[in-house]
Amino acid sequence: MTANKTIITDFLVDQMQMPVDIAFWVEIVVVAAVYLGVFALLGLFLVWMERRAAAFFQQRLGPNRRGPAGLFQTIADALKLVSKEITGTEKRDKFLYTIAPYFVIVTALMALAVLPFSQELQAFDINLGVFFITSVSSVAVIGIFLAGWASNNKFSLLGGMRSGIQMISYELSIGMVIVAMTVLTGTLQLSEIISFQQEHGWSIWSGHIPAIIGFMIFMIAGTAESNRTPFDLVEAESELGSGYHSEYSGMNFAYYFLAEFVNMFIISAMVVILFFGGWLSPFGITDGIPYVGVFWFVFKTLGVVMLMMWFRWTFPRFRIDQLLTLEWKYLIPISMVNIVFMALVVWLGLTF
Amino acid sequence: MEKIVFYILAMIMIVFAVMSVTSRNVMRAIVFLLFVMLGLAGIYFMIDFFFLAAVQMTVYAGGIIILYITSIMLVERIGEPLDKPKPIHQYIAGGIASLGAGMSLFAIYNYDFDQVTEETTTTIADVGRTLLNYGDGGYILPFEVISILLLAAMVGAIVIAKSYQKKESSN
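Going down the list, the sequences are from chains L and E. Under my numbering, the letters of the first sequence match residues 803 to 1154, in that order. Under my numbering, the letters of the second sequence match residues 2 to 172, in that order.
Next comes chain L alone, as it looks inside the complex (with noise of 0.2 Å):
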């Protein structure tokens, strides 16, 4: 199905003489492993990085003395959280309590799967490929959701709610945006938009207007998703502790923060993906080189995530009146009508 594949299976079948069924099996599982390793590194860095450009906005240094500019600083954080006690409060619903996490960082392991890293480097290149994201995304909702309730918190349970409220809502003008550059590109499938892209060139440019508002819609809505400020009324430190997490100790919390940053991950992957080439070199410095795409690929998506950050240390947060009216009374009339402005760009072929 992908070229990582074959890859794999080739070389277990010609070089290491194993039966055709026996490799297949141990792809899988040599795949998988390499996602959980690559999804817990990603998780680590960017909570690093997170840490780094929040000292920067403010003039601090940082974590810096671990490792080189303080890199392992967050391997021994996650190292201190494993050997944490588990705690809870009496009341809870253990059983619920218990699988709350694993919604969260099952689905953001699901949709880390589909990410085209590069041209060869793509587990799963499935024909619905931006719906599936959307689709496995809105189920960890599900797991905020429940964390806030089981933990029998009043303050975990108003996080809770209102992530759901929050979520439910942006989920809407970020499928909207979708839907307009699908118009634009023609496909639902990650590779096949990237290939369009390298004929037309990147989306926002050859989508010019249409794609500058969907891109500016779809970096609003995507920080909404992602829980972030100043969108983050769902743990907002000040009101509520720390929202539906409040409750939740030691690793059991590591995996919802481990989840939100590789989420903030997905959200940036997936604006590069539609809007600035995935893969693609600038210019086509690099074409034809196998495997440098990586290199452009987490380049382009940590500037996505520096402009995050970013975000984070310019704005205040919302109050929740404000968050709804911005989604319902805003974003969603504009990325409507957005769908239209692409619908008849495209039609008139004033694309470039």
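The hints are simulated quantities; they were obtained by calculation from the structure and are not laboratory data. Do not rely on the hints blindly, as some may be mistaken.
Taking lysine-lysine pairs in the DSSO-like style, the calculated list, with each CA pair at most 30 Å apart, reads [what the hints assert, rightly or not]:
no., chain 1, residue 1, chain 2, residue 2
1, L, K893, L, K882
2, L, K893, E, K87
3, E, K163, L, K896
4, L, K886, L, K896
5, L, K956, E, K85
6, E, K87, L, K896
7, E, K85, L, K1131
8, L, K956, L, K882
9, L, K882, L, K896
10, L, K956, L, K896
11, L, K886, L, K956
12, E, K163, L, K893
13, L, K893, L, K956
With chain L fixed as given, assemble chain E onto it according to the hints.
What follows is chain E alone, placed relative to chain L:
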């Protein structure tokens, strides 16, 4: 291979469906129902019908279950276990359920199923073309009827919410 996956998914669905009905805790019952929905999505994935699988996850797992959770949170005493239903209710429910199961089994065992020999994945483009096709085998009319129904439901919800507001302001 596919057989094993199917039986695992079917087991998951049956076990969680039974647990969902027998659970005395509403919240847990909903989560078990969610697992049934996800198992169904898994079966759609297994038969390479990705579009239906993704719709199943978005609409049922992501939408309906969330709706259930929010509406049940508005009900009182969700933390306590539910009361046992009256015996007469149990008998009626059991009768209806076994009638439904019997009819399904009868239909399944008396129908000649065609074996699918060629594996084709339905792409989202095919689904879109069929849905908006006004020729033979097209679904444009049901599609439009359903969209009018949804529009009516939305307008109705807004009207109901508005009338509450007026009453509050007049008091």
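Checked hints:
1. Between L/K893 and L/K882 the CA atoms are separated by roughly 27 Å; this keeps the pair inside 30 Å, and the hint holds.
2. Proximity of L/K893 to E/K87 is assessed by CA-CA distance (about 29 Å); at most 30 Å being required, the pair is judged to hold.
3. Annotation: proposed proximity of E/K163 to L/K896 is violated, straight-line Cα distance about 40 Å (limit 30 Å).
4. The suggested pairing of L/K886 with L/K896 holds, with an alpha-carbon distance near 18 Å, which does not exceed 30 Å.
5. Between L/K956 and E/K85 the CA atoms are separated by roughly 28 Å; this keeps the pair inside 30 Å, and the hint holds.
6. With a C-alpha separation of about 29 Å, the suggested pair E/K87 and L/K896 falls inside the 30 Å cut-off, and the hint holds.
7. With a C-alpha separation of about 45 Å, the suggested pairing of E/K85 with L/K1131 is violated against the 30 Å cut-off.
8. With a CA separation close to 28 Å, the supplied pair L/K956 and L/K882 stays within the 30 Å bound.
9. At most 30 Å may separate the alpha-carbon atoms for a hinted pair to count; L/K882 and L/K896 meet this at roughly 24 Å.
10. For the hint pairing L/K956 with L/K896, the CA-to-CA distance comes to about 17 Å; that is within 30 Å, so the pair holds.
11. Distance hint between L/K886 and L/K956 is fulfilled; the C-alpha atoms sit about 25 Å from each other, no more than 30 Å.
12. Between E/K163 and L/K893 the CA atoms are separated by roughly 39 Å; this puts the pair beyond 30 Å, and the hint is violated.
13. Taken as a hint, the L/K893 and L/K956 pair is honoured in the structure, with Cα atoms around 12 Å apart against an allowance of 30 Å.
The structure fails hints 3, 7 and 12 (numbered hints given earlier, in ascending order).
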